[in-house]
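Chemist: What follows is the residue order along each chain.
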Amino acid sequence: MTAVPAGGDAVVRVENLAARFGGRPVFERVSFEVRRGEVFVILGGSGCGKSTLLKHMIGLYPPAEGRIEILGEDIAALEGAARRALLRRIGVMWQSGALFGSSTLEGNIEVPLEEHTGLPAEARALVAKAKLGMVGLADAAGRLPAEISGGMAKRAGIARAMALDPPILFLDEPSAGLDPVTSAGLDALIKQLARDLGTTFVVVTHELQSILAIGDRCIMLDKAARGMIAEGDPRRLRDESADPVVRAFFRREAPPDRQGAAA
Amino acid sequence: MARDATGTVEDAAGFEARAEGAGGLRLAFRGVLDAGAVARLWPDATRRAKGAAPLTLDLGRLASLDTAGAVLLLRLEREAGGARWQGLPVDGPARAVLERTRRALEAPAAAKAAGDGGLPWVGRLGRATVGRGDRMLDQVAFLGEALVAGAGVARRPWRLRFGEVMRHLDEAGLRAFGLTILLGFLIGLILAFQSSVSLRRFGAEYYIPNLVGISLLRELGPLMAAVVLAGRTGSAFAAELGTMRVNEEVDALRIMGIDPVAWLVLPRVLAAVLVMPVLALLMDLSGLLGMGAVMLSLGYVPAGVAGQLQYALRLWDLWGGLWKAAAFGLSIGLIGCRAGLNAGGGPRAVGDAATGAVVGGIVSIVVIDGAFAVLFYRLGW
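From first to last, the protein sequence lines stand for chains A and B.
With the first letter of the first sequence counted as 1, position 5 gets the number 5 in full-length UniProt numbering; the numbers rise by one all the way through.
With the first letter of the second sequence counted as 1, position 58 gets the number 58 in full-length UniProt numbering; the numbers rise by one all the way through.
Treat the hints with care, as some may be off.
To be verified - Quick list of in silico lysine to any residue cross-link-like pairs, SDA-like style, CA-CA up to 20 Å:
1. A:K191 <-> B:L98
2. A:K191 <-> B:G92
3. A:K223 <-> A:A213
4. B:K50 <-> A:K55
5. A:K191 <-> B:E99
It should be emphasised that the hints constitute simulated quantities derived from the structure, not laboratory data.
Model, not experiment: these values are computed from the prediction.
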C-alpha cells in the first residue's frame, strides 16, 4: 500500500517549504524530517509561523514552494480517495479544541469513528468513552462543548484526534492556557502514547516546560529570520546553542536586538 | 492486504472459537485487531461470548491491537462475566493498550442528577414553568433597563453615540430602500390586480384605488415594512450583539462601567424607530405606484386614479400607519437587541439569537397591530 519512506524511518518529510500570505512571506526554506515514534516539537515565539507550518503539514494550505510528505505521500498532490485515506491516518488537535458545538463530547469523538469505520453503535460509544477516559474526561462524556472549560476542550480535542488511533498526531499548542498540573498530565499522556502505541507526535508549542518534558527533537522558527534557526534535541539546544535568539528563548529573556531585522 | 513470503495473508484479523469443557469457550484471536477488523468481528464475537463460562481469550497469535480492539476484548470479558487471558505478553504495546483502555473505561462516569425519582415529568414541567416565568420577568426587566437608559440619554443627549445611530440608520434604512420599493410595488400591483378580478363583476373597478389605498396606508405598508426590518435588521442586531456577548465584549463593557444597554441598545433601537416610518412611507408610495400601473393597464387615466385616491384617503390614514410603524420599529429593535444580549455560549447561540429576534419581532408586530386596530376602532379613527 504505502511506499516505505526512503531514508530510514521518516514519517513526515518537509523539503524547502516556503509559505506566503498574499505575497508576504511567513517563512522560507524550511526542511526537516520527523521520525517514527518520536515527539517532534515545532517551537518559536508568537507570530513566527508555527501554526502556519502545522497547517501546511496537514494539507490545509498548499505550499508556495517545496514539498511535504506524510507517510511517504505528497499531501498537497493527493486528491479524492487517496487523500481521504491519508487524512484517516493523521489526527489533529486544534488550538481551541474545535469541538462541534452541537453534539456532546462523546458525540464529537464518534464523528470520525462513524465516518471511517463500520463499528456498531455500542462499540463506537465504548471507544469514545475509552478515549475520554484516557484524557480524564470520563465524567463529562454527555456534556456539550459550551459547558466545559478551555482546558477540558483541549483534552477532548486530543481525544477526538486519537479516535482512530492514527500513527501521527498533530497538536497545536496543547498546553497553552492550561494549569501546570493539567499540562503536566497532558505531557505524560503524550509520552505514554508515543511509547505504547508508537504514535508519532508533531507538537507546536512555546511552553518551555512542555518542550523539555516531551520533546525528543525540535526545530525552532524565528520571525525575524523568516525560517528555521535551530534543529535538534531541545535539552542540548538549551545548554549548547550558540544562537543568541535560541539562548534567549530557552532562558526566557528578551530577544537580542537583531541588526537590520526590524521591519 | 500484504502477503508474506509463504503466501499467507498476514494481517487478516479473525478469531477461532472452540468449545472447552462444559459451557466453556476459547476465542483465539489472530492478526491486526484494528477498528476495521473489530467492525467485522463485533456481532459474531459478542454473540458467542455471551454466557460462556469460563471464557478464554487467547491472544497468542495477535499481531497488534488498537483501542477499538481493546474495547472488543474488554466487552467480551464483561459479556462472559470474566475471562482467562492467554498469550498476552507481560509487557509490550498490546498489554499497554489493553490496560490503558481498561483503566479509561473504569473511570467513574458522571453522577446522575439527583431528585428525579418517581415522576420525572413533574419536575421537568415545574422547572420549565418557573424558567418561562423567569424569562418573562427578564423581558420586563430589560424593558425597564432600556427605559432608564433612554431617560438618561434624554437628560444628557450628548451621551448618545450619534455616529452609531447614523451607521444603523444607514444599514437598516438606506440599504433597505431597494428591497422595500421592489416589495411595495409588487404588493400594490398584486393587490390591485386581484381585487380587479372580483370588482369587475360588479363594474366597480373604479374603486380599486379606495381598496388598495386604504389597506396599504393603514395596514399592509407598515406591516410589510416591519417584516422587512425584522428579517434584515432585527436578526442583524441579534447576531452582532450575540457575537459580542460570546466574545465577552459585553462583559468587558460592563467591567469598564459602561451600561451595555445605553451603549449598544439605544443607538440601535433609536435607529429602528426612526427608520421604520420612512420604510413604511416608501412601501406605501411604491405600492400606490404598483396599483397605478394596473389601473393604467385597465384603461384609467392617471388623473382619474389620483382623484379617486384623494377622495378615498384621509391624511389620518397615513399618519396612523406611520405612528404604528414607529411602534413596530421600537418593538423589533428591542427584541433584536435583547435576543443578542441574552445569547448563551457556543456557536449555536448566535444562530438561535437571530432566529429568536426574527420570530419574536414578527409575532410582536402582529400583536401590536391588533392592539392598534382595537385602539383606532374605539377612538373612531
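Chemist: State for each hint whether it applies.
Modeler: A quick look at each hint next to the structure:
1. A:K191 <-> B:L98: With Cα atoms ~17 Å apart, A:K191 and B:L98 stay inside 20 Å; holds.
2. A:K191 <-> B:G92: holds (15 Å)
3. A:K223 <-> A:A213: violated (24 Å)
4. B:K50 <-> A:K55: violated (47 Å)
5. A:K191 <-> B:E99: Judged against 20 Å, a Cα distance of about 16 Å means the pair holds.
Consistency note: the structure conflicts with the earlier hints numbered 3 and 4.
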